[in-house]
Amino acid sequence: GQNIDQPTEMTATEGAIVQINCTYQTSGFNGLFWYQQHAGEAPTFLSYNVLDGLEEKGRFSSFLSRSKGYSYLLLKELQMKDSASYLCAVNTDKLIFGTGTRLQVFP
Amino acid sequence: DVKVTQSSRYLVKRTGEKVFLECVQDMDHENMFWYRQDPGLGLRLIYFSYDVKMKEKGDIPEGYSVSREKKERFSLILESASTNQTSMYLCASSLLPESSGNTIYFGEGSWLTVV
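So the protein sequences, as listed, match chains A and B. My numbering puts the first residue of the first sequence at -13, with every later residue one more than the last. My numbering puts the first residue of the second sequence at 6, with every later residue one more than the last.
I should point out that these hints are in silico values taken from the structure, not numbers from a laboratory. Only a predicted model underlies this, so the values are computations on that prediction, with no experimental measurement involved. Every residue gets a Cβ at the ideal spot worked out from N, C-alpha and C, and that includes glycine. Watch out, some of these pointers could steer you wrong.
Said to hold, decoys possible - Distance condition first, Cα-Cα at most 27 Å in a straight line; then the derived DSSO-like pairs of lysine-lysine: (1) A/K54 with B/K76; (2) B/K75 with B/K60; (3) B/K60 with B/K8; (4) A/K67 with B/K8; (5) B/K76 with B/K58; (6) B/K62 with B/K23; (7) A/K54 with A/K80; (8) B/K8 with B/K62; (9) B/K76 with A/K80; (10) A/K62 with B/K62; (11) A/K80 with B/K8; (12) A/K80 with B/K62; (13) B/K58 with B/K8; (14) A/K80 with B/K60; (15) A/K43 with B/K75.
Said to hold, decoys possible - Have a look at the derived ranges for each label pair, beta carbon to beta carbon: (16) B/S85 with A/E42: 44 to 52 Å; (17) A/K62 with B/S85: 23 to 31 Å; (18) A/S51 with B/V17: 19 to 27 Å; (19) B/D64 with A/A25: 17 to 25 Å; (20) B/G21 with A/E42: 28 to 36 Å; (21) A/K43 with B/K76: 39 to 47 Å; (22) A/T(-3) with B/N89: 42 to 50 Å; (23) B/N89 with A/G44: 24 to 32 Å.
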């Protein structure tokens, strides 16, 4: 079967660092996406990891370990506008999503 | 700019009605997808298509059908709407899975309420 796990909710303080984990068990793997989704809006692309390691893009970084079936999204210098749901999705012959992690950033 | 357009943002339909949700992409992408998103369940794949006139069932195809007569257009059809199909529907498109730098682009979403 296909399974992607993420924590349901997380909270953090403005200016802090937060790590959102994602573990997956899928038949097939082409890469792993992270998306951000604000309430009432469509998901927007954050990152796509194909190879193991850390990829950094400004305040956001994404890490992948294919052998462990594990990824994380790291958000630094948190801002209030980072309050959103973060979706992990594995690219097989189709795209399979986790249920998302709702992050609330407090002042 | 990349664009995936869903024809209707908000719809209210009656139980038993036939409902069409239209999606058009302007990026010449091979893949197109229909998802529904419900609280606590995340995005669940209903149907997807790799090419014109091609369709594959996703995880929850029951009660739905799709049509892809042209590469840029992928339609989701609810033959007889039921209240449990009240949801937010997202259309998406992408290049082939093995393409480097692949990403998936989403439409704005269609909020369907079945009464």
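Consistency of the hints with the structure:
1. Taking the CA atoms of A/K54 and B/K76, the gap is near 37 Å; set against the 27 Å cutoff, the hint is violated.
2. A hinted pair counts as satisfied when its Cα atoms are at most 27 Å apart, and B/K75 with B/K60 qualifies at roughly 12 Å.
3. In summary, the hint linking B/K60 to B/K8 is supported, as the alpha carbons are separated by about 22 Å, within the 27 Å threshold.
4. Restraint check: the Cα-Cα separation between A/K67 and B/K8 comes to about 24 Å, which is no more than 27 Å; the hinted pair holds.
5. For the suggested pair B/K76 and B/K58, the alpha carbons sit about 9 Å apart, so the restraint of at most 27 Å is met.
6. Simply put, B/K62 and B/K23 have alpha-carbon atoms about 20 Å apart, close enough for the 27 Å limit, and the pair holds.
7. Between A/K54 and A/K80, the direct Cα distance comes to roughly 21 Å. Compliance with the 27 Å bound is thereby established for this hinted pair.
8. Straight-line distance between C-alpha atoms of B/K8 and B/K62 comes to about 24 Å, which keeps the hinted pair within the 27 Å bound.
9. A C-alpha spacing of about 17 Å is found between B/K76 and A/K80, which places the hinted pair at or below 27 Å, so the restraint holds.
10. In summary, the hint linking A/K62 to B/K62 is not supported, as the alpha carbons are separated by about 39 Å, beyond the 27 Å threshold.
11. The straight-line distance between the Cα atoms of A/K80 and B/K8 is roughly 20 Å, inside the 27 Å bound, and the hint therefore holds.
12. Note on A/K80 and B/K62: the hinted pairing holds, with a Cα-Cα distance of about 10 Å set against a maximum of 27 Å.
13. Our distance criterion of 27 Å between C-alpha atoms is met by B/K58 and B/K8, whose separation comes to about 22 Å.
14. The straight-line distance between the Cα atoms of A/K80 and B/K60 is roughly 12 Å, inside the 27 Å bound, and the hint therefore holds.
15. Of the pairs offered as hints, the one joining A/K43 and B/K75 is violated, with about 36 Å between alpha carbons and a cut-off of 27 Å exceeded.
16. About 50 Å separates the C-beta atoms of B/S85 and A/E42, a value consistent with the hinted range of 44 to 52 Å.
17. Between A/K62 and B/S85, the C-beta spacing of about 50 Å breaks the proposed range 23 to 31 Å.
18. Distance hint for A/S51 and B/V17: a CB-CB separation of about 46 Å, inconsistent with the stated range 19 to 27 Å.
19. Between B/D64 and A/A25 the beta carbon distance is about 24 Å. The supplied range of 17 to 25 Å therefore holds.
20. For B/G21 paired with A/E42, a C-beta distance near 52 Å fails the hint of 28 to 36 Å.
21. Range check, A/K43 to B/K76: Cβ separation about 31 Å, and the 39 to 47 Å hint is violated.
22. For the hinted restraint 42 to 50 Å between A/T(-3) and B/N89, the CB-CB distance of approximately 32 Å leaves it violated.
23. Look at B/N89 against A/G44: about 41 Å separates their beta carbons, and that is not inside 24 to 32 Å.
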